[in-house]
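Enquirer: Residue strings, one per chain:
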Amino acid sequence: MTNHDKNLNQAFDVENLPKDLFTFEKATDDAEGLTTKPISFWQDSMRRLFKNYVAVVSLLIIVVLFLTAIIAPMLSNYTLTGRVNQDYYKFAQLPPRVPVLEHFGLFDGTLIKEFTQGSLDEVGYASDEYKIVGTFTRNRIEYLKVKEYTYKYLDIEDRYFIFGTDILSRDIWTRVWYGTSISLLIGVYAAIIDVLIGVIYGGIAGYFGGTKIDDVMMRILEVLYGIPSIVILFVLFMFLTPGIVPIAIAIALTGWIGVARMIRAQFLKLRDQEFVLAARTLGASDTRIIMKHLIPNVVAQIIVMASFSIPSAIFYEAFLAFIGIGLDLSKPSLGVLINDAISSTQGAMTYVYQLVLPSLVLSTLMLSINLLGNGLRDALDPRMRNN
Amino acid sequence: MSNVLLKVEHLKQYFKLDRKSKVKAVDDVSFDIYEGETFGLVGESGSGKTTIGRSIIRLYDITGGNVTFEGKQASGKLKKEERASIARNMQMIFQDPMACLNPRMNIRDIVAEGIDIHKLAKTKEERDEMVYAILAKVGLAREHAGRYPHEFSGGQRQRIGIARALITNPKLVICDEPISALDVSIQSQVVNLLKKLQKELGLTYLFIAHDLSMVRYISDRIAVMHKGKIVELADAEELYNNPLHPYTRSLMSAIPTPDPKSEKQRARFAYDPSQHDYTTDEPKMREIRPKHFIYCNEKEFQAYQTEIA
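Chains H and C, in that order, give the protein sequences.
If you use our numbering, the first sequence corresponds to residues 1 to 387, in order.
If you use our numbering, the second sequence corresponds to residues 1001 to 1309, in order.
Bound conformation, chain C alone (with noise of 0.2 Å):
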């Protein structure tokens, strides 16, 4: 296997909700990201998917844990350079097509902002030559740079996101849930759109999303979450032809398929937490099979060896 891009350790979020209580976004995770993989991050709303890709991109301040990123310490509190070089190498395509651009300024602006930011142009040329080349690659005229978001559609704008996010040339790209917003036509047409980038420029992404269809498309390795942990973490294919954690085999179970007649009889059913039994032994992740984690205490750990065995 390839070398560590991205090492995530114990990493906790918690938000304050008033004096007294907090809610925990996320609560104790830990993974690695492989260079030059996709790594699939899938579990209901308000799992804390997001929040798992905000905190590692320094959106918020993370409650406690540690990120490290091309093994140089990417969380907590920074220089300036440090801070600039991993906006630079770490990068962010958003979920809301209509939200994520600017709708004062025009395109070339929008995707040129890194470049300003960063002074990666020293001329206007320069900038200018940079903004068509990457509007190029993602399937955009340049005559499309003096434009407004309100004059694209929800495809092409999340082009231009991809666009602004690989601007500075980032080797770790965040997709949060960057299909979600779009319907199922264009879906396809950026994610493929993803997947030539990734091999071009040899990209490594961090892909959040809930459509488990999609993320088995993509991704390499896929961790479920559920309230803020992660239940279970194995290749894409591993996870879909043996999910062990019942809350995965809910998730799977609500894939529906294009076909009237197997999708008569697919039952699906409701994960219940209560099932676990966590008070007297401590749950953790635990590897059963090579690369394939759950998250059990010792007594389902057994259980789960007996079922696969």
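Okay, chain H solo, but in the shape it has when bound (with noise of 0.2 Å):
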């Protein structure tokens, strides 16, 4: 025996410590009693969600973008494709000009133009219709910075036309609402025949995980991942007419991909959960086990793949309009709009609004998409965080 036992042992006389010192403590039975409400799943990821500032604001504009995208087409007095005038000459490029706000010199129907003396001079404004707000010199000669009143100088100070007119004349406003509910078809379209393959894909190799149908349904998804998608685009658009289907089926031909490999991983690792142990030991089918064990876990997942889905879709369509694929003019999505301005603008920067405004557009959304799905995915998944 050591010193220190010794000591120990002198302190505390193991062998006779008083009995009563020491009583039983019972447990109560309002120890289990329930005091809150029974909170599901669902409830406490919404609940995570509200709480998420940033995300809250981004789906408040997603529902104003959608909202317009539907109604400010319909409430317009323009079309799409007619011009907003029969003498489409006089209401070709006219900046955009909103009430009250030209007040305050935003949207207040001017343009920036570069003249030399003489031929401002030709052009032959009233005094009142015109200002120089500077000068500067290129190739030696002397220019003037010119901002012009259309709507005073065409005599149109009546009209308002809110994000302007093209150079065919075409409505702006109406052109680039509606432009924003086809890119969201299509980004949705796009994201749905994703998620669709990508769990139906991915959720065999995964059940089937470590057999053959694995085996070979992965090397078939990898030679695929190995194709480059827009020589398959390429090849693709010359059977295919454009249309919204088309290019949603077109973009979700590569990008499927990612949903089957994040479906499959999941379903590989809650195959030999404990809890579809449980299920298979009470004799669930393989079909039950899927349907109420397996896909009720990966749903918030999917949701998340889904949400990142439609802004790259959306990216990707607008980028396929700009190099010129997959076109369709009678339904001119953001992108097309965005490609149709770059050729109007004329590259300068007096028509510069034409390309600004979509972009703008296009930007926000995708913008306010992102970052709600960086919500959802701290909501539904938190161990997700920081990946």
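Read the hints as simulated data drawn from the structure, not as lab findings.
Glycine residues also receive a C-beta, built at the ideal position from the N, C-alpha and C atoms.
Accuracy of the hints is not assured; some may be wrong.
Calculated Cβ distances over 12 Å to all of chain H for the following chain C residues [what the hints assert, rightly or not]:
no.	residue
1	1034
2	1046
3	1054
4	1064
5	1071
6	1075
7	1132
8	1143
9	1200
10	1201
11	1243
12	1283
13	1288
Result set (DSS-like, lysine-lysine): computed pairs, CA atoms no more than 30 Å apart in a straight line [claimed, not checked]:
no.	chain 1	residue 1	chain 2	residue 2
14	C	1171	C	1196
15	H	212	C	1079
16	C	1007	C	1299
17	C	1077	H	212
18	C	1022	H	269
19	H	269	C	1077
20	C	1291	C	1195
21	C	1196	C	1137
22	H	292	C	1137
23	H	269	C	1012
24	C	1199	C	1122
25	C	1024	C	1227
26	H	212	C	1080
27	C	1264	H	37
28	H	113	H	152
29	C	1007	C	1124
30	C	1119	C	1016
31	C	1012	C	1072
32	C	1012	C	1299
33	H	269	C	1007
34	C	1020	H	212
35	C	1007	C	1264
36	H	37	C	1124
37	H	19	C	1264
38	H	292	C	1171
39	C	1016	H	269
Work from the hints to combine the two standalone chains into their complex.
Expert: Next up, the structure:
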């Protein structure tokens, strides 16, 4: 016995501790009483989502953009392809003009144009129709920067075109919101196709993970993943007539692969969880296990994947339209509008609003959906944060 | 002795690692479980305890051998009705209370899964009543039925797992380390609940664990496993009082005692499998005393006999 033990034994006489020092504590019945309401996974997630201000604001912006995209073209006096006026030379390339805002110098129906002294005189502005805002020298020629009060100059001061008109005198406001709804549709269609194929393919591979079926399916997927999608798209659009659905299909052609991989990994993980084994020992069929135990546990990830799939599809479509594949001029998406604007701005800053406005809507839309997707991911799957 | 409920004969369960090598998780194991008893299965991690449980309940396709349940074939290819009957009468309680309940389902649906699969209730009310009755049996209130797994503690979750297993009114319950993941105060709660339920419902348990003192407390007979083989099988008291196989002895030497003085004297010793020489003389299960079996060859058998004489 060491000294330490001896000291301990002297301090506490272990053998002869008085029994009455110890009493049994009985667990009370109300220890397991319930004080709060039951909370399902979805209620809990939504509560987390609505605590995230960025996500809430993004959601609001998306709702506003979505509603405007539906309502604005319906309320508009102008059509998608029709000219705003018979006199289309006069009504082409009008700058944006918004009531009230115009008094603050925003959207006030002015264009900044460049003139030499001689060419300015040729135009023959009245004195209240223009203002010289600066001068600069290019190739040793003096230029004037002139602010043109376009609506006044053309004598149409009673008209307001919120986003202006394009080179073919079509109303850009109507076209932008129509384009937004087309872009959204393409995004949603592509996401649905992505998720549908991805879940089925990945689900089958994951459920039969480790077998021949899984092996073959994964090798096929890797081959598909290796083909550059842009090449497939070029080939595809030699045969397809452009339209919303063909473009969505084309975009989803490679988009589903990520979803399939994720779902497979999740299924592989879940398949050997004890609650799945428990269902199996109870005699559950494969269908029941997949529908009741596996799918409900990946719905959160599916929603997150879909919410990231939408903006990337929208962006991809805009990119395709921009390089001129899959253009459907009768149903212009935001990408088509941006592409149009490039040619009609004629390389000058004067008509840059035609390029900026649809781009701004596109960027806002994508940013909001991405931020909402982030919020959804944090809310639905807190473990995935910081990944 | 009462009737044999489950008969396991020469059970083999091999897992392929790749084309050449395989793991013999369970290698030629035979035992009987009698109706109403608790059969304990102990052994170190990786000795194949859990695999035996899962092979019996058909989670794995067995490599070889035979399982007979209530006198009927319970392994290999079976008809749909036979499979359903086994699923109803043989149930399992799992190890991890966190992973054994589907986080997306509420307790009512988790517990009622057996009812839904085997269509045991005709109406929704009948189903609810069955769920409430079984929840009451495991000490949970009917208000718990609408809740989700994450709202419960480990001990409560384990009791929900027990309720789920008992809803189909099984005869044999395989308890796969049901208390290993719980803290000690809750372990006794769950073990006592299992004992109480066994008395009330006439259940038979196959109790898999590595906590030797707990197994001694609950089991009637105990089998000790090592590397996929049963090395010793005897009544609980007999095994604890007269362990013969060196591996069993090694295990016994590892049991801590709640007394600092004797704990200080306790000598643990490791088991060295190389002490057996099985090159010429094949080992097998031999009955050294009535109902006390030991895995040994003829020479060792003689040695054990002189030891206990």
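Enquirer: Now look at each hint and say whether the structure bears it out.
Expert: Structure-based check of each hint:
{"no.": "1", "hint": "1034", "verdict": "22 Å, holds"}
{"no.": "2", "hint": "1046", "verdict": "17 Å, holds"}
{"no.": "3", "hint": "1054", "verdict": "8 Å, violated"}
{"no.": "4", "hint": "1064", "verdict": "21 Å, holds"}
{"no.": "5", "hint": "1071", "verdict": "20 Å, holds"}
{"no.": "6", "hint": "1075", "verdict": "15 Å, holds"}
{"no.": "7", "hint": "1132", "verdict": "15 Å, holds"}
{"no.": "8", "hint": "1143", "verdict": "5 Å, violated"}
{"no.": "9", "hint": "1200", "verdict": "20 Å, holds"}
{"no.": "10", "hint": "1201", "verdict": "17 Å, holds"}
{"no.": "11", "hint": "1243", "verdict": "30 Å, holds"}
{"no.": "12", "hint": "1283", "verdict": "33 Å, holds"}
{"no.": "13", "hint": "1288", "verdict": "36 Å, holds"}
{"no.": "14", "hint": "1171/C to 1196/C", "verdict": "15 Å, holds"}
{"no.": "15", "hint": "212/H to 1079/C", "verdict": "26 Å, holds"}
{"no.": "16", "hint": "1007/C to 1299/C", "verdict": "29 Å, holds"}
{"no.": "17", "hint": "1077/C to 212/H", "verdict": "22 Å, holds"}
{"no.": "18", "hint": "1022/C to 269/H", "verdict": "23 Å, holds"}
{"no.": "19", "hint": "269/H to 1077/C", "verdict": "27 Å, holds"}
{"no.": "20", "hint": "1291/C to 1195/C", "verdict": "23 Å, holds"}
{"no.": "21", "hint": "1196/C to 1137/C", "verdict": "10 Å, holds"}
{"no.": "22", "hint": "292/H to 1137/C", "verdict": "26 Å, holds"}
{"no.": "23", "hint": "269/H to 1012/C", "verdict": "26 Å, holds"}
{"no.": "24", "hint": "1199/C to 1122/C", "verdict": "29 Å, holds"}
{"no.": "25", "hint": "1024/C to 1227/C", "verdict": "8 Å, holds"}
{"no.": "26", "hint": "212/H to 1080/C", "verdict": "26 Å, holds"}
{"no.": "27", "hint": "1264/C to 37/H", "verdict": "51 Å, violated"}
{"no.": "28", "hint": "113/H to 152/H", "verdict": "15 Å, holds"}
{"no.": "29", "hint": "1007/C to 1124/C", "verdict": "38 Å, violated"}
{"no.": "30", "hint": "1119/C to 1016/C", "verdict": "37 Å, violated"}
{"no.": "31", "hint": "1012/C to 1072/C", "verdict": "19 Å, holds"}
{"no.": "32", "hint": "1012/C to 1299/C", "verdict": "26 Å, holds"}
{"no.": "33", "hint": "269/H to 1007/C", "verdict": "33 Å, violated"}
{"no.": "34", "hint": "1020/C to 212/H", "verdict": "17 Å, holds"}
{"no.": "35", "hint": "1007/C to 1264/C", "verdict": "42 Å, violated"}
{"no.": "36", "hint": "37/H to 1124/C", "verdict": "23 Å, holds"}
{"no.": "37", "hint": "19/H to 1264/C", "verdict": "24 Å, holds"}
{"no.": "38", "hint": "292/H to 1171/C", "verdict": "26 Å, holds"}
{"no.": "39", "hint": "1016/C to 269/H", "verdict": "20 Å, holds"}
Violated hints, listed in ascending order, are 3, 8, 27, 29, 30, 33, 35; each of the other numbered hints is respected by the structure.
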